[in-house]
Amino acid sequence: MNMRFAKMSVQNESLAESFTVSVAGDREVSVSGCKKVLTYEEDLIRIQTRECVVAVKGEALSLKSFHPGEMRITGRIDTLAIERG
Amino acid sequence: MLFSIFAFIVGYLSLSTSCPAKTANLLSSLSVSSFGFHVREGRACFRCLLFSKKKLLAALEEHDIAVADLRVGGLPGFFLRYRWRVGAFLGAAACVMLTLLSQNFVWQIEVVGNEKVPDGEILAALAAEGVYEGAYIKNIDPLAAANRCVMKSDLLSWMSVNIVGNHIEAVVVEYSDREVAERDKAPSNIVAKKSGIIRRIELVSGVAVAGEGRVVSEGELLVSGVNLLRNEKYIYQPAKGKVYAETLNQAVLEQPLLTEEKVYTGRVFTEKSYIFFTKSKKVSEYSGNLPANCDRIETKERVMLFGKIPLPLWVHKVEYREFVYTEKTLSEEEAREILAARAAELLLSGELVSREDAYSFDGEKVTLTMRYRLVEDIAKNLLLFESP
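Protein chains in written order, with our numbering: chain P, 5 to 89; chain A, 1327 to 1714.
In isolation and in its complexed conformation, chain P is listed as follows (with noise of 0.2 Å):
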């Protein structure tokens, strides 16, 4: 069954790892290993995980679901960038 919603939960943080980030195509990134959203705007959404910030831009961007811990982003993907410090 495809999850349309995000539903919460406490993750342990001692099970967090370094960060992954799946890409398909064009319209869909899966960032595991995620803590907070940071920014969220129709083209800019950037998750800070444990090392990084992780920026992706594009159009009519969205959220599809956001466990803790993992999140995916859906829309018109044109740049996935990786920031640090």
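It is worth saying that the hints were derived from the structure and are not from the lab.
Model, not experiment: these values are computed from the prediction.
Treat the hints loosely; a few may be bogus.
[Claimed, not checked] Computed list of lysine-lysine pairs in DSBU-like fashion (alpha-carbon distance at most 35 Å, straight line): (1) P/K61 x A/K1379; (2) A/K1348 x P/K39; (3) A/K1519 x A/K1691; (4) A/K1478 x A/K1607; (5) A/K1519 x P/K61.
[To be verified] For each label pair, taking beta carbons as the anchor points, the in silico distance ranges come out as: (6) A/L1383 x P/S22: 48 to 56 Å; (7) A/R1411 x P/S22: 57 to 65 Å; (8) P/D30 x A/L1383: 30 to 38 Å; (9) P/A64 x A/I1635: 45 to 53 Å; (10) P/T83 x A/R1397: 53 to 61 Å; (11) P/A64 x A/L1406: 51 to 59 Å; (12) A/F1431 x P/E32: 55 to 63 Å.
Where a beta carbon is used, it is the ideal one built from N, C-alpha and C, also for glycine.
Keeping the supplied structure of chain P fixed, place chain A upon it in accordance with the hints.
Coordinates of chain A only, in the frame set by chain P:
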């Protein structure tokens, strides 16, 4: 898809907030189920299940996140919006109740398999056994009703009453001619009901006494029901069959020139009623005195939904059309035409061999004397132990 249906049933809250990122993090931390989350014109728009409303709104206020476009959706939202329209809810409840209740009554009866026995006769027989449109289904014993109908009818050999939902299908099997003959066991002869020359015999049972070409007179034995066996014993059986003979007939028909003709005045009185299942409700009735001379025309038409789905509702209309008799003087030609039509009806009983017509006119009436030869069935059954 399933979740959308679930959310519609339990109800959802639709809202938009400022600070989309902050809202997303808040939803995550509160473990609030949300869906359709997207950003539009710098605001986060999303929906969440209705039972999270209190917790969510309190948290949003605590974090100074402005809320706008708050709306309750789904079934609870619908009932909340129209809570003062009591009539609509009562109507919907009544509709559901009627639909559930009407499932216990017969809506339609269909007769299948009959060729000679009319539908109306079979339906009337079923109605006498408690099977009719509008009957309470649980009171119907289909097997007993079918058996009783067959026992009471001389023309049906088998019947099955099948109940499918609100629809009843009555499947019948009629007796064939041979079976009807077999049911009549009384020994009988066949005698001639008129004089004539035998042209052909169609024998079913019995012993033919007269053959083709023989001239027979009225009352003469044609087929015997007495059969002599080899051991000089007799058996008695019903003689069955048809005997076609060429008969000579004469008919004298008269048509006076001065006659009466029925003419409609144009005045029509109508009574209309609606029949729902078997309950009739009159909507219009003529309360005055009907004229002395009027034709009564009765029609009963079933109401069809969208022209295809039959409803248990009929429109029953009775029309009384007034007429008067007026004197009419026919011409000789018209009188002849009327006589010719009447003569043609007489000839329908057999195959015409020859015909001679003679017309006469005495100033007041036209007379047709018709002599005709017809090949017709002259067989008449006579019980063996009954005197002619």
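Violated constraints from the hint list, given by number and in increasing order: Failing hints, ascending: 5, 6, 10, 11.
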